[in-house]
Amino acid sequence: MTAPDFAAARRELRRARVSAALGAPLDSSVVRGYRDRLLQLLARDSVADGLLFDEMDDDQVETVISIAVAAVVESGQDAAAVLLMCVKVLSADGQFARMTLLAERLAGVSGDFTVERPYWQLALAGFADAIRGRRRKALGDLNERLGIGRDTVPGGPGVRTPQQVEDVVAAAAVRSVLAGDDPDFVTQVRDRALSRGDASLLVFADALIAWANAVGAAGPAKVLPAADGVFTTEPLAKYVAGLRVQALFPAQIHAVQAGATSDETRMVALPTSSGKTLLAEMRIVATLVRHPGSRAIYVAPYRLLARQVERELRPGLRRAGFDIRDLGSGYDPSALPAGETADVIVCTPERLDALMRLAASSATGRQESADFLDSASVLVFDELHLIGRDGRGPRFELILARLRMRNPNLRVLGLAAATHGSQELSEWLGDAVRLPKSRRPTGTLELLWETGGTIKQRTSKNPSTVMDLPRKTAIDDAAALMLRFFEDYLPVLAICTTRTRAESLAKKVLTGHAIKGRTWREGLAEDERRMLANAIEEVKALMGADHPLAQMMANGIAFHHAGVPTHALEQIEYLARIGLMRFVCATTTVAEGADLPFKVVVIPHLDFPGTGGRLSRDLYLNIIGRAGRANVAVEGMVFVLDSDARTLQGTVKNQLWQTSARDVLRGKLNNVPVTPRTVDDWNEFAGAESQLLAWLADPSSYLENQAEELSQRTFSYSEGNRTEKAQVIYLVEGILKRLEAEGYAIAGSPLKVTKKGVVAQLTGLSLPGVVRLNAAVERGRDGWLAGLSGRVALDEEVASQIARLVFETPEVLQHSLWFRRNAKAAAALPTLYRFAYEGDATHVASADYELDIQLVTNWLMGASYSTLAGLADVAPSAQSLFGGKDGPKRVSDATEYIGKLTYPASWVWSGGQIVAGDLGESFPAFIRSSIEYGVPTESCVHLIERARVTRAAALALSQIAGPTWDNVATWLLGDGHVDDAGLDLTTADTERLRALRDELEAED
Amino acid sequence: MLPHGTGKLSALAARCSATVLASVNGWGVDVWDMTPSDVDLAVDVYNEVLAADKTTTDPVIAKLGSQGVDLLKLLGAPGTGLELVTRADIAECAAAASVIAEDGYITTSMFMPNIPKMARRKSDSGIDVFDVKLASPAAGPDAPLAAGERLGVASVKHTLTVGAAGRLRLDIQHSMSPKVELSQTYLAAQLRVVEGRLRNGGMPAADAGRVFFFLPNFPDETWVAMCGVAVVDPSLRADMVDQMKNLPKVGGGHKFRIVTFPDLANVHARCP
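Protein sequences, first through last, are from chains C and V. Heads up: the first sequence begins at 1 in my numbering, then just goes up one per residue. Heads up: the second sequence begins at 10001 in my numbering, then just goes up one per residue.
Think of the hints as simulated: they come from the structure by calculation, not from any bench. Note that this is a predicted model, so its numbers are computed, not measured. Any given hint could turn out to be false.
Mimicking DMTMM-like on lysine to aspartate or glutamate, the simulated pairs with C-alpha atoms at most 25 Å apart in a straight line are [stated by the list, open to error]:
id: 1; chain 1: C; residue 1: 756; chain 2: C; residue 2: 698
id: 2; chain 1: V; residue 1: 10245; chain 2: V; residue 2: 10221
id: 3; chain 1: V; residue 1: 10063; chain 2: C; residue 2: 191
id: 4; chain 1: V; residue 1: 10063; chain 2: C; residue 2: 427
id: 5; chain 1: V; residue 1: 10073; chain 2: C; residue 2: 74
id: 6; chain 1: V; residue 1: 10133; chain 2: C; residue 2: 191
id: 7; chain 1: V; residue 1: 10063; chain 2: C; residue 2: 74
id: 8; chain 1: C; residue 1: 238; chain 2: C; residue 2: 151
id: 9; chain 1: V; residue 1: 10179; chain 2: C; residue 2: 141
id: 10; chain 1: V; residue 1: 10063; chain 2: C; residue 2: 141
id: 11; chain 1: V; residue 1: 10133; chain 2: C; residue 2: 182
id: 12; chain 1: V; residue 1: 10073; chain 2: C; residue 2: 797
id: 13; chain 1: V; residue 1: 10245; chain 2: V; residue 2: 10048
id: 14; chain 1: V; residue 1: 10179; chain 2: C; residue 2: 5
id: 15; chain 1: V; residue 1: 10073; chain 2: C; residue 2: 144
id: 16; chain 1: V; residue 1: 10179; chain 2: V; residue 2: 10221
id: 17; chain 1: V; residue 1: 10179; chain 2: C; residue 2: 49
id: 18; chain 1: V; residue 1: 10063; chain 2: C; residue 2: 476
id: 19; chain 1: C; residue 1: 238; chain 2: C; residue 2: 191
id: 20; chain 1: C; residue 1: 755; chain 2: C; residue 2: 778
id: 21; chain 1: V; residue 1: 10063; chain 2: C; residue 2: 181
id: 22; chain 1: C; residue 1: 725; chain 2: C; residue 2: 427
id: 23; chain 1: V; residue 1: 10073; chain 2: C; residue 2: 181
Heads up, incomplete: computed chain V residues facing chain C, CB under 7 Å, no partners named [to be verified]:
id: 24; residue: 10016
id: 25; residue: 10019
id: 26; residue: 10020
id: 27; residue: 10059
id: 28; residue: 10073
id: 29; residue: 10075
id: 30; residue: 10133
id: 31; residue: 10183
id: 32; residue: 10188
id: 33; residue: 10195
id: 34; residue: 10196
id: 35; residue: 10209
id: 36; residue: 10216
Glycine included, C-beta positions come from ideal geometry on N, C-alpha and C.
All chains should be modelled from the sequences, with the hints used to inform the complete structure.
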């Protein structure tokens, strides 16, 4: 007997899936041949007893998935049998996400029996609904169709055969399992099937029993109380019963059993899409119940992620009796609202940093911040693996080190992607428990389109050929590839290296998609068409009626990058989330943490900026995590277009597809140069310097051997080798000496901050930035700054002064038009140094700088992006910022330019308030947000923050109603009418304003 | 195994004596001409097979009522539907006796998924008798099949219609063909029943699981014996025999049996 080549069958079935996705399906009989070769394995696995979550090896999982999704033409009975055997095997392994998607297929197959075997259809559909978590619907349908409690029964077969009786038995078995009214019934049904030799019923009953057992074992009501007694207490028993999942993923179960909800510090590294947020929610509610009156902090490193987390956590926390508040994303040293602090706050690391600095200061709000931090009983830090990234990584580890020194009893729940060195993070946090490795809830097919035209798939050994498709240029090829995907594989995400490439790709996709796009649009349901139209209307209002993005969106296509206003990005993400986007061409803005339902990801180029000029493994792992997330697809597909450029050759096979036991995570603090060589270096050094100054302001720094004490608590030191440890100490010692030499700290025993240092640390800015800012504030102290008190609106003069003030710091200046045009490459750092440390002011007289001032002034006064694009001159190089006359490109340039400025500029404005001392306290609070949103009045700021209206709507309403919030509230409640044609609002804005009006009326 | 009637079935098998007719394209062809006494015994087998089902209160059916599921309301009264499948079932009983007698099937372990006929509609594939011989203890759970281990598969069909012999021969061929009706999926599901019964019979799970080793390259003649059985009225015997020359080429290990069944047209009337 020759053993079948199972590996070859799996490989060929993968090839068949990829071919089918690309619109070239293999013949059904060929696919069936490979599928049947694997049936022996499935059948054998399907008779195994017991539950062993996450114990199957990868080949077993792939066998099941390959069989389940193989495109084979066969009878409904055979299709159902295959799916049911797959469900049985996946149940035993706890593969709930994969099962959910197979259940969709099962529901489809059930339709084959509607006429001739209606109760078999009912049984299959009911089971499919149950697997998909629609327990209530399934039970309702079963009760109705089985006539329970009813006099008449709809839809029976009209004849009674033994087969129809068995079908009723099958349906009754599902009903019984869901109702939980007779635990033995389904086992008796199985025994009956076996004794009567009814293979269909046996396969069905086996799958049903296995699924019910798995859900029972993985149900939150089983797992949580067993692992953590707090879930048996009155307040949480109800919470557990109301959890929105019927079963936890194995990775979540492992984490809970390892104490993720306990009062210990835990590092949980879960595969992408494994439900980290739910785990965090359970930890938070457990902690807050155990420690009444305490608070939880959830740190999310991205604004998009913070918003998503807040949205996801809110319902569960509310059921547990807790409230949550998003504290915003930027560095904001303003005080917490007194008496309004929520039980749980979501914030970025920078916002947390600001709270810690405020708590260590003597400024207004110090006590509230300190109280808040003191009351925190748990800190959840999401995406903690980012600590190993250049840029923000060193800041993250210093913030965490400072916080843990300040609050030594604060327990941490670290969350990270499983692929990123969780062991090092565990060691650093002091978590001795090692979680078993868990499988991703869904799989990924990784494919490489070689320059020679061969598409190869990654396998455990050598890549194998899928098909040949001739190559041309990367963008053309990527567009052609995306357009080939069969409908079932949409939406597709392309991750591009630059925004120019993202737009270019989107245009090409649009060109090839015009007819299909129209057909797609015409096929949308009425409400879908309305939602699409509303989103497009908003984008037009933001970017201009003729902007190509709007036309693209009408065809289900979009580009997504930093040159697109945030509000428009949110519309694109929203449409993608509800299935109204087919192709999104993005830069890496979408790569980190976004939970959007893409099935396929295409990477057209490998020359990503940073990290040696090519796609890093770290980023690649994040990107592929976007394809086929749980509840989206059984598996995602990732296509990388290879490059034969000398510097990129072998990147995929030798680096991205490298199979190693695990990725080791290294800290980056030891790499922060004491002598910077680039602007990025300087930013990292200045950031570290600011962090150390903040630490010195906190009493937790009052230690001997300060440099060593702080160093030892950093990740880079803790997990570094001897050299790396020495580098960290060298850096910290060097910075401490500088702080002392420049008068920010004073030697004693130990080193403490001076009065100058206290102010500087609170700003969170670089030290030379504070010096320049201080000088600028002094220049305006008796002039324009003194006149700010009581203002509710900016005029052009004040806006111009604000623009000049924020450009006084290196944080903002490095993003100015002047700097970008006049301090390129090798000249960049020297220019920045002269500005930062030598008081250089050569930029002031330049036309470029004046244009900077003009642009920011107009931004503050409410100018649209297209107006800003029109104000800017035409740069000589078409590729550069404001280069060329292409309108949409210039709008994108304006968006990107403003996008890079507003975050540091609003931060600098807050710093200005601090260095201005008592005078700063008289500055109107709305100005910080005015800078961020580009609006000149208090009413605009409130409208955007409270009603989330677009900038255009806020400006329009402010103009009609007046500059104060009181003006707007009065107008909404009586003087004006939201539907006033003169407002020219988008549909969505009108709805938002109506909601705000209703809210105000309720408050009234 | 049949839940009831195995004694009578063995008795019928003991009366079976098939005559070898020919060897055609890898098929061994034989014929069993049943006598009226054989038919009487076949009727007894049938009645016994079903009798217990009718007298025993099935716990599952009983529970349906307590759960509020009323079969009468859902499906109507028994016997008002398509229960006129008696002829097919009794034909299967006769065929089963023949494979016990001629092909070494074991009465107590063989498995007849379609008695009483219910699982599949006429147009679907359906194997009527399975018989498995597996070593226990085996050399190991992954030990390859060895000498003496075997899967017997029999497909039974009948006809009364003059001129339908060709169609019957073709239907049997198709029902045994993996490329037409005998799908691997169907077989895998049936073998799960066999596996379950082997375990229920006391065979260790590791040994019983080897039953799925019959699936690859099915039907591998080394391990699988296929038998098609055509049950016909004696008046159709000549037509049926004549059809044997049209059997397709197979690698060997296939049998085709003709069973002539006196008064097949009216036999259902003798069964309640």
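Legend entry - Broken hints, by number: As far as the earlier hints go, 4, 5, 7, 8, 9, 11, 12, 13, 17, 18, 19, 24, 25, 26 and 30 are violated by this structure, in ascending order.
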